[in-house]
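Q: Protein chains in written order, with numbering that gives the first Met the number 0: chain R, 0 to 323; chain B, 0 to 347; chain A, 0 to 296.
Hints may contain errors.
Stated by the list, open to error - Partial list, computed: chain R residues near chain B (C-beta under 8 Å): (1) Glu45; (2) Arg69; (3) Gly71; (4) Ala188; (5) His210; (6) Leu212; (7) Val255; (8) Leu256; (9) Glu257; (10) Pro268.
Keep in mind that the hints were calculated from the coordinates and are not lab data. The beta-carbon is built from N, C-alpha and C at its ideal position, and this holds for glycine as well.
Here's the letter readout for the chains.
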Amino acid sequence: MHAERGALLDVRDLHVTFTKGGHVVQAVSGVSFTLARGETLGLVGESGCGKSTTGRAVAQVIRPTSGSVRLGDVELTAARSRSLRRERTRLQMIFQDPVSSLNPRRRVRDIVAEPLDIWGLAKGAERARIVDDLLEAVGLDPRLAGPSYPRQFSGGQCQRISIARALAMRPEVLICDEIVSALDVSVQAQILNLVEDLKASLGLTVLFIAHDLAVVKNVSDRVAVMYLGRLCEVATAESLYRSPRHPYTAALLAAVLEPDPRAPRHHAPLQGEPPSPLSPPSGCRFRTRCPNAQARCAEEVPELRELDAGHKVACHFPLERRAA
Amino acid sequence: MSTSGPVAGSHPALLSVGDLRTSFSTPRGTLVAVDGVSFELARGETLGVVGESGSGKTVLARSILGLLPGARTTIEGSVRFDGDELVGASAQAMRAVRGARISMVFQDPMSSLNPVHRVGNQIAEALRVHLKVSRRVAREAAIGLLAQVGIPSPAERARAYPLQLSGGMRQRVMIAIALACGPELLLADEPTTGLDVTIQAQILDLLEDQRRLRQMAMILVTHDLGVVATRTDRVMVMYAGRVVELAPTARLFEHVRMPYTEGLLGSMPRLDEPSHTRLAAIPGRPPDLVTRPAGCAFSPRCPYATAQCHAASPPLVADPADPDHLYACWHPIAAARDLHAPRGADAR
Amino acid sequence: MPEPESHEALDAAVEEAPAPLAERRDPMGATFWVCMGWLGLLAVVAVFAKYLPLQDPNAPNYLDPGANAGPSLGHLLGTDALTRDILSRLAYGARISLVIGIGATAIGIGIGGSLGMLSAYVRGRFDAGVSLVMYSGLAFPAIIAVIAVISFWGRSQWHVILVLGLFSVPLIFRLVRAATLSCATKEYVTAAKSQGATALRVVARDIFPNVAPSLVVYSVFTLGGVIATEGALAFLGFSVLPPTPSWGTLIYDASNDATTNLPLIFAPAIAIFLTLFSLNYVGERFRRRYEPLESRL
């Protein structure tokens, strides 16, 4: 898939390194992907894999240590503070914790109108109208919700408010960082449907970060799997789930507990724990838990290469393709 | 498909809960968290308790063990464990039961483990409190337990502090503490929530293996229907403090009767569905447990609700065709589901 | 914006109303209002002392009723060794104590509070540097330093205010910095930044309103502390110059004269005690009401 040419978001060789009291943590080590306009890319992985850090680095909330993040034709990593302030608003983030995402001392209508106020985009009646439209678009009654405070709302409703706020500036890209993980199953479904509806009606491009594979599959066109700071596999949702080529992806899929009593029970497909990001294994980082690991895996870092159309894998000994 | 079922032979039930009611007095009024729950658990059986937040599942587990802060809590009803009544039992009697005969594993191991004590000592303490063994014996037994729960280099790890261990390891330590004195019943309250998917599978396998080895009964409390589907004998669905459906696991999934359970299953995204399948979300949210309107608690959100549903609360009754399957609904769903049929309505 | 198709989830959610704001709150309690009453009385006396029917605090009454006279109709608390009316000295002393207290607290909160917020927001080397200075300041034995400064600089009301104010900065800095840190890591701050808000706007709109309740509470506690410290200073002879009365000076007079003039000994001590108790109690009630608000969300 030559998405590079028409890509709205082009991330190349992104590195994010933290130093914590002398220890160096490579949270993100050379991640590259593209997002075409109107596409949803799911970024999935377990805790500590660096997916949230990637999302924040793309949104420039954390400054990347190195690498390039190109939005349209603007290189975000090179932008300096004033132009960065302006360009950043084209990418908006929604976070995991619905409650800490909203300032408890401000009314909902002011929270949602904040971007308009910062940039002086609308005042008075126009501003109120935009806020009302946004609240309605996310399924809240503007007359009741507007003057209220965040503490009067449930988790799901708070996420709706966060979504309304994110949309106030008509961003091009929406980065959702585990937005449904803290919600009950029935509320999750409501929010996922909402995001899908808004994406369709507003023509958004979405980077959807989550650890739940079924949730990611439901909303994504393409999916990228991360492990310990690197991408393992990138493919369309369908081909990733039907025929995973990377052993880690296969193990992840096998570990998912489906609500189906007739599903075959395997014993845990993956033993052991992920290695510490302070000292990741040499070569392929997954090799310590991989059933197929061989000598080459310790010596050479596998690069992400395209096996079939649009299906990229970073593995020296990828799995066989499963028949459709 | 599922676990080794209840131990054969008509022993009386190990745990018999009768009309348990737990309420808290709050500034806004009385909050009834568990409202008349009754069920039985046979020896060696695994019961899954499923519900979302506010369903009362955690309060239920804690009420069985009497682990709720006392001042504003009222527990009524009966909890009979192997013939002994636990509700209203003396503090001494409860202490003898907790940890030794009924153990609990909690959701967040970081806040359940004392951060300033080494994990080996925490396990050893559980042993010494109940079994009155010497320090050395307890320490060695602790190392043995760590090995049983699958922690590598157990002798070394016993000297670690909780902060030095990963989430999965801490949960294993919690399980070791719970199993230390060989309980007959294990209450697991969301033991895998918050853990990675691959670690979840490991922990559930561990619980299953230990359960089978020790012939324990287990109550697995979770919000995740996927967790209960393949690892429980029976499933009990709770909503707003009441039991709304109780059935052997396979029957529950094959023939859902309660619209809430159907709604839960429908709102979960499935791996075998194409992307952008619209989820059948349940509208609205769970009710306020302080002001309980008359009628079925789920009726405001139920697509099949009638006037009867809003007026009166349905009792838990057995399906005439299948007495093991209980539900609380005026209009139970008649048709069995096909688990693998594509979801109704439009794919986007 | 084109209308999204109507779906069940959207329609139903529109009907859900937000919960009403909690109407019932724990009442503040009788003791709270008694304390507020005392503080209110103090404020009134301090501000309107001139208009109250009080004697001149420095005027001698040589003949009637003389020195160390017990309580009488004209002098409700009697007179001191220099035949001055104790009640009016107490009342004017309230004014001095409050002025010093509020002045020093204002300096402490103003400097400590803004530095604390700035430091916690900016982090990095600025934070490390300022924190180092502040922690050294905390470790410093403040009373001794204050005494030394006053000895060199001279006793005057403004000197006392300034010095006490500066020495209350480190503690307030530390408290405000902690409160700001817990705010600044919340995601609504990240959201504001990603919307292009300038640092100033973020601090003013998102951080300050959430730190403000803590600031109020710390102010109240600091006020109590300063009044107590001024009392100690005066007792040691390092506060305002005589004949200006402050409560500590009254105790100093009593101790110097070693008389058995009971009102002179007890009246200022009781006044200080009541004031400190009231401030601490009121501060504690405020803290309990406003801080759990955040965690209840």
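Q: So, for every hint listed, does it hold in this structure?
A: Cross-check of the supplied hints:
Interface restraint check for Glu45/R: the shortest CB-CB distance to chain B comes to about 4 Å, inside 8 Å, so the restraint holds. Hint on Arg69/R is violated. Least Cβ distance to chain B is approximately 26 Å, over the 8 Å limit. Hint status for Gly71/R relative to chain B: violated, with the closest Cβ pair at about 25 Å, above 8 Å. Restraint check, Ala188/R versus chain B: the minimum CB separation of about 3 Å is within 8 Å; hint holds.
For the restraint placing His210/R at the interface with chain B, the shortest Cβ-Cβ distance is roughly 7 Å, inside the 8 Å limit, so the hint holds. For Leu212/R, the interface hint holds, since its Cβ comes within 8 Å of a Cβ in chain B; the closest pair sits about 6 Å apart. Proximity of Val255/R to chain B holds as hinted, the smallest CB-CB distance being about 6 Å (cut-off 8 Å). Interface hint at Leu256/R: satisfied, since its Cβ lies 3 Å from the closest Cβ of chain B, which is below the 8 Å cut-off.
Interface hint at Glu257/R: satisfied, since its Cβ lies 6 Å from the closest Cβ of chain B, which is below the 8 Å cut-off. Hint on Pro268/R holds. Least Cβ distance to chain B is approximately 7 Å, under the 8 Å limit.
The structure shown violates the earlier hints numbered 2 and 3.
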